[in-house]
Amino acid sequence: GENVEQHPSTLSVQEGDSAVIKCTYSDSASNYFPWYKQELGKGPQLIIDIRSNVGEKKDQRIAVTLNKTAKHFSLHITETQPEDSAVYFCAALLDSNYQLIWGAGTKLIIKP
Amino acid sequence: KAGVTQTPRYLIKTRGQQVTLSCSPISGHRSVSWYQQTPGQGLQFLFEYFSETQRNKGNFPGRFSGRQFSNSRSEMNVSTLELGDSALYLCASSSSGGAYEQYFGPGTRLTVT
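The listed protein sequences derive, respectively, from chains A and B.
In terms of my numbering, the first sequence opens at residue -17 and continues consecutively.
In terms of my numbering, the second sequence opens at residue 1309 and continues consecutively.
Just so you know, these hints were derived from the structure itself, not from any lab.
Predicted, not measured: the structure shown is a model, and the values here were computed from it.
Virtual Cβ for every residue (Gly too), placed ideally from N, Cα, C.
Treat the hints with care, since some could be wrong.
Heads up, simulated DMTMM-like pairs for lysine to aspartate or glutamate below, C-alpha to C-alpha not over 20 Å straight-line [stated by the list, open to error]:
id: 1; chain 1: A; residue 1: Lys24; chain 2: B; residue 2: Glu1409
id: 2; chain 1: B; residue 1: Lys1365; chain 2: A; residue 2: Asp77
id: 3; chain 1: B; residue 1: Lys1365; chain 2: A; residue 2: Asp9
id: 4; chain 1: A; residue 1: Lys40; chain 2: B; residue 2: Glu1409
To be clear about the criterion: a stretch of chain B counts as covered by chain A if any three or more of its residues have a C-beta under 8 Å from a C-beta of chain A, and this derived list gives those stretches [to be verified]:
id: 5; region: 1353 to 1367
id: 6; region: 1406 to 1415
Please put together the full structure from these sequences, using the hints given.
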């Protein structure tokens, strides 16, 4: 079946450095790719999303890039801060049934 | 604007029982989706309701059902609980509909013993 692979499963970076999380999807017809941040005890929070008609989108310290040919998209966080520590999930919208397929998550640890 | 609220936050049930979870979406949002989150399977889509109609359904057995009321509040019911139903059940609402720009509640942690 269709799936989304997310790497790495854990990422530890020094405060102030950049973090990059990558996802690969299998459904070439997918056209919507959101990223969610989940803190302990909370539900996922949408932090940025991108549609297939653009290659990059930025929102302050967060950016997402999409390569439709290679079927992968990435989350970039610059100037990381302690409050960025959380689990991050990528997802892709299946064209066949309009359901999100989720990556397994990346635990981001920001070291002081 | 108030966020998505879910009640109860925690629930402990015994195998064979049934359970009902509740979700109140963000005011003005007509789409409500439900997800199951487990360490092993991650986030999996259960179903989506829009204007009181189920518009989409994931691959879960018929023991999982839901409904939506005229005020967009939604309930999810699981009958004949199994140990494997232990999970965090998340509700998400959207003004755009479907999977677009979803706002999640804090979830209900269900433990089946």
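So if I understand the rule, the pair passes when the alpha-carbon distance is 20 Å or less; does B/Lys1365 with A/Asp77 pass? Roughly 14 Å separates the two Cα atoms, so the pair holds.
Count the residues of the region 1406 to 1415 of chain B whose CB lies closer than 8 Å to any CB of chain A, then report whether that count reaches three. holds (count 10)
Starting from A/Lys40, check that the Cα of B/Glu1409 is at most 20 Å away, please. Satisfied, since the Cα-Cα distance of roughly 16 Å is no more than 20 Å.
Take the C-alpha atoms of B/Lys1365 and A/Asp9, compute the straight-line distance between them, and say whether it is at most 20 Å. holds (19 Å)
In terms of beta carbon proximity below 8 Å, does the region 1353 to 1367 of chain B have 3 or more residues touching chain A? holds (count 3)
For the pair supplied as a hint, A/Lys24 and B/Glu1409, is the alpha-carbon distance within the 20 Å limit? With Cα atoms ~17 Å apart, A/Lys24 and B/Glu1409 stay inside 20 Å; holds.
Hint check: no violations occur; every hint is consistent with the structure.
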